[in-house]
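Residue numbers (our numbering): 140 to 615.
In short, the hints are calculated from the structure, not lab data. These numbers come from a predicted model, not from an experiment. Honestly, I wouldn't trust all of these hints.
Unchecked claim - Taking lysine-lysine and the DSS-like style, the derived pairs with C-alpha atoms no more than 27 angstroms apart in a straight line are: (1) Lys216 x Lys192; (2) Lys345 x Lys550; (3) Lys248 x Lys547; (4) Lys248 x Lys205; (5) Lys488 x Lys524; (6) Lys394 x Lys241; (7) Lys547 x Lys600; (8) Lys580 x Lys566; (9) Lys539 x Lys205; (10) Lys524 x Lys566; (11) Lys547 x Lys529; (12) Lys241 x Lys345; (13) Lys575 x Lys539; (14) Lys399 x Lys348; (15) Lys524 x Lys399; (16) Lys216 x Lys547; (17) Lys192 x Lys205; (18) Lys248 x Lys399; (19) Lys575 x Lys488; (20) Lys600 x Lys488; (21) Lys248 x Lys488.
As the list claims (entries may be wrong) - Label-pair restraints from in silico Cβ distances: (22) Asn187 x Lys308: 55 to 63 angstroms; (23) Leu523 x Lys308: 52 to 60 angstroms; (24) Lys205 x Phe318: 55 to 63 angstroms; (25) His259 x Asp358: 28 to 36 angstroms; (26) Glu354 x Leu523: 52 to 60 angstroms; (27) Leu525 x Asp360: 42 to 50 angstroms; (28) Ser418 x Gln305: 20 to 28 angstroms.
Note that CB positions come from ideal geometry on N, CA and C, so glycine has one too.
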Amino acid sequence: MQKKRSLKISIKEKAMPTHPLPLEVCQRLQTLISPTNPHLIYTANPTNLPIFKDLLCSKEDFEIEKISQESFEIIIKQALFQEQISTISEQISQDEDLAIQKLLDFILKESVERGASDIHMQSQEERAEVRVRIDGDLQEFCTLPLEVFSLLSSYIKLECLLDIHQKRKPQDGKFLRVFNSLSFDFRISCIPTTKGECIVIRILYKEIKNLSFQELGFDQDLNPYLSIPFGLIFVTGPTGSGKSTTLYSMLHSLKNTHKKIITLEDPVEYDVAELTQVSINEGYGFGFKEALRSLLRQDPDIIMVGEIRDEETLSLAIRSSLTGHLVLSTLHTNDALSSIERLLDMNAKPYLIASILHLIISQRLISRLCPHCKEAITLSSSTLKLIPPKFHQSTFYEAKGCIHCYFKGYKGRVLIHEILPLNQELKALIRQNAPKEEILKHLNAQGFISIFENALLKASKGLISLSEVLRHNMHT
């Protein structure tokens, strides 16, 4: 269908002014005018400056700043992003079908390259917003005319074999894409809102990296805790705290030809060789508890249950541990001790918890300070009251923002954690149903490092900002 009209896509970030020279020329010369200062020229190769100035045909006396090759690549990438958006806007007026396909692939590929975990597309009154979740925070990507968003929504539904005319009921689906020889699963959730449709796309990397515990960010090796033949191990934390990645790293360490490992997941996030992976489907009455009952007849050695959601699933997990299986799972709790309280709230008997619970890991992911622009700060007296005295002489940093971090001040994330192995003394306290305060007193005497203290240690090393630590409210 050919329609002549203007359907302009907008960038909600600070738009760069149109560069006087083609960006391909700037790339070749490794030189361009600053996107924020038209009187400043950035160059990664000063020998090309005379050619660049000749091409500009300008008599202006520019200020020159030498930048690294890495910095130049960041700036030129931002400019190319804006140029591509403008090109797609023009193409939509000429060939809708082809342009909408290009628009979706562009959004997906750009999101993958930026390291996004989710893409949010939300109808508003006049336009639709597209945002991407990077390092845990939503960042503005672009805005779309509502007509373009409607076309894009229909195209996404076609990709997932969904009903393109259904806009009043939720729909879920998925499709596959390959970018740079890497396969990605895109899980789609469409729901109706008062202002129109909201589409969220979860990006799942099909091939998970086999990272060591140290590479993940743990301060100690977890392998010694995995050598037990049976028992329960929990990884806890809020949604998006990296629990699944930690569990997969554990399973990778446990993989060998002498063990059968079965996982129950909702959904299966990564395809892993040598694992028997089972996808939960609540819609067909195949939840975690139903799957766990069936799974025990499959003669497993190690079981990974994606999440303990109810008393019956917990009861089956405990029974599996008692009958000689190693069970790994997750809970949504703020710290390790709260996990014990949660198990008790789910009517697990204290003596059973003490018998089979072997290890609890609580973790979070906190934005990593950009190493290129972070700045040391002086703490106020009110802030000093919020941290233990042993950290009062430490140097802490705050986010600033530069071209390396797209002026966010943060780039990437850092794992913070607490590791709670259950020794005999702690098991005895659990059997006695001792209060949390008494257990915490015992742990402090044993030198236990809480997640709050682990975060302060990493903040004192300049990895994360103190403001981020305090914002996450991790006081035990």
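Hint by hint, here is what the structure shows:
A hinted pair counts as satisfied when its Cα atoms are at most 27 angstroms apart, and Lys216 with Lys192 qualifies at roughly 21 angstroms. This hinted pair checks out: Lys345 and Lys550 have alpha carbons roughly 23 angstroms apart, not beyond 27 angstroms. The hinted pair formed by Lys248 and Lys547 meets the criterion: a straight-line CA distance of about 21 angstroms does not exceed 27 angstroms. Proposed proximity of Lys248 and Lys205 is contradicted: the alpha carbons are some 31 angstroms apart, above 27 angstroms.
Distance check on the hinted pair: Lys488 and Lys524 sit about 39 angstroms apart at the alpha-carbon level, beyond 27 angstroms; violated. Of the supplied pair hints, the one linking Lys394 and Lys241 is violated, its CA atoms being roughly 41 angstroms apart against a limit of 27 angstroms. Taken as a hint, the Lys547 and Lys600 pair is honoured in the structure, with Cα atoms around 20 angstroms apart against an allowance of 27 angstroms. Distance restraint check for Lys580 and Lys566: the Cα-Cα separation of roughly 14 angstroms lies within the 27 angstroms cut-off, and the hinted pair is therefore satisfied.
Distance hint between Lys539 and Lys205 is fulfilled; the C-alpha atoms sit about 21 angstroms from each other, no more than 27 angstroms. Between Lys524 and Lys566 the CA atoms are separated by roughly 34 angstroms; this puts the pair beyond 27 angstroms, and the hint is violated. A C-alpha spacing of about 30 angstroms is found between Lys547 and Lys529, which places the hinted pair above 27 angstroms, so the restraint is violated. A distance of roughly 22 angstroms separates the Cα atoms of Lys241 and Lys345; the hinted pair therefore holds under the 27 angstroms criterion.
Restraint check for Lys575 and Lys539: not satisfied, since their Cα atoms lie roughly 40 angstroms apart, outside the 27 angstroms limit. A C-alpha spacing of about 21 angstroms is found between Lys399 and Lys348, which places the hinted pair at or below 27 angstroms, so the restraint holds. Distance check on the hinted pair: Lys524 and Lys399 sit about 51 angstroms apart at the alpha-carbon level, beyond 27 angstroms; violated. For the hint pairing Lys216 with Lys547, the CA-to-CA distance comes to about 16 angstroms; that is within 27 angstroms, so the pair holds.
Using a Cα cut-off of 27 angstroms, the hinted pair Lys192 and Lys205 holds, with the two alpha carbons roughly 15 angstroms apart. Annotation: proposed proximity of Lys248 to Lys399 is violated, straight-line Cα distance about 37 angstroms (limit 27 angstroms). Under the criterion of a C-alpha separation no larger than 27 angstroms, the hint pairing Lys575 with Lys488 is consistent with the structure, at around 16 angstroms. A threshold of 27 angstroms between alpha carbons decides the hint, and for Lys600 with Lys488 the separation of about 42 angstroms lies outside it, so the pair is violated.
Simply put, Lys248 and Lys488 have alpha-carbon atoms about 50 angstroms apart, too far for the 27 angstroms limit, and the pair is violated. A C-beta distance of roughly 58 angstroms is found between Asn187 and Lys308, which places it inside the suggested range of 55 to 63 angstroms. Remark: the range hint 52 to 60 angstroms for Leu523 to Lys308 is upheld by a beta-carbon distance near 54 angstroms. Separation of Lys205 from Phe318 is about 33 angstroms and departs from the stated range, judged on CB atoms against 55 to 63 angstroms.
Checked against the hint of 28 to 36 angstroms, the C-beta distance between His259 and Asp358 comes to roughly 34 angstroms, which is consistent with it. The given range of 52 to 60 angstroms is broken by Glu354 and Leu523, whose C-beta atoms sit roughly 34 angstroms from each other. For the pair Leu525 and Asp360, the supplied restraint of 42 to 50 angstroms is violated, since their beta-carbon distance comes to about 32 angstroms. Between Ser418 and Gln305 the Cβ separation comes to about 24 angstroms, which falls inside the hinted range of 20 to 28 angstroms.
The structure fails hints 4, 5, 6, 10, 11, 13, 15, 18, 20, 21, 24, 26 and 27 (numbered hints given earlier, in ascending order).
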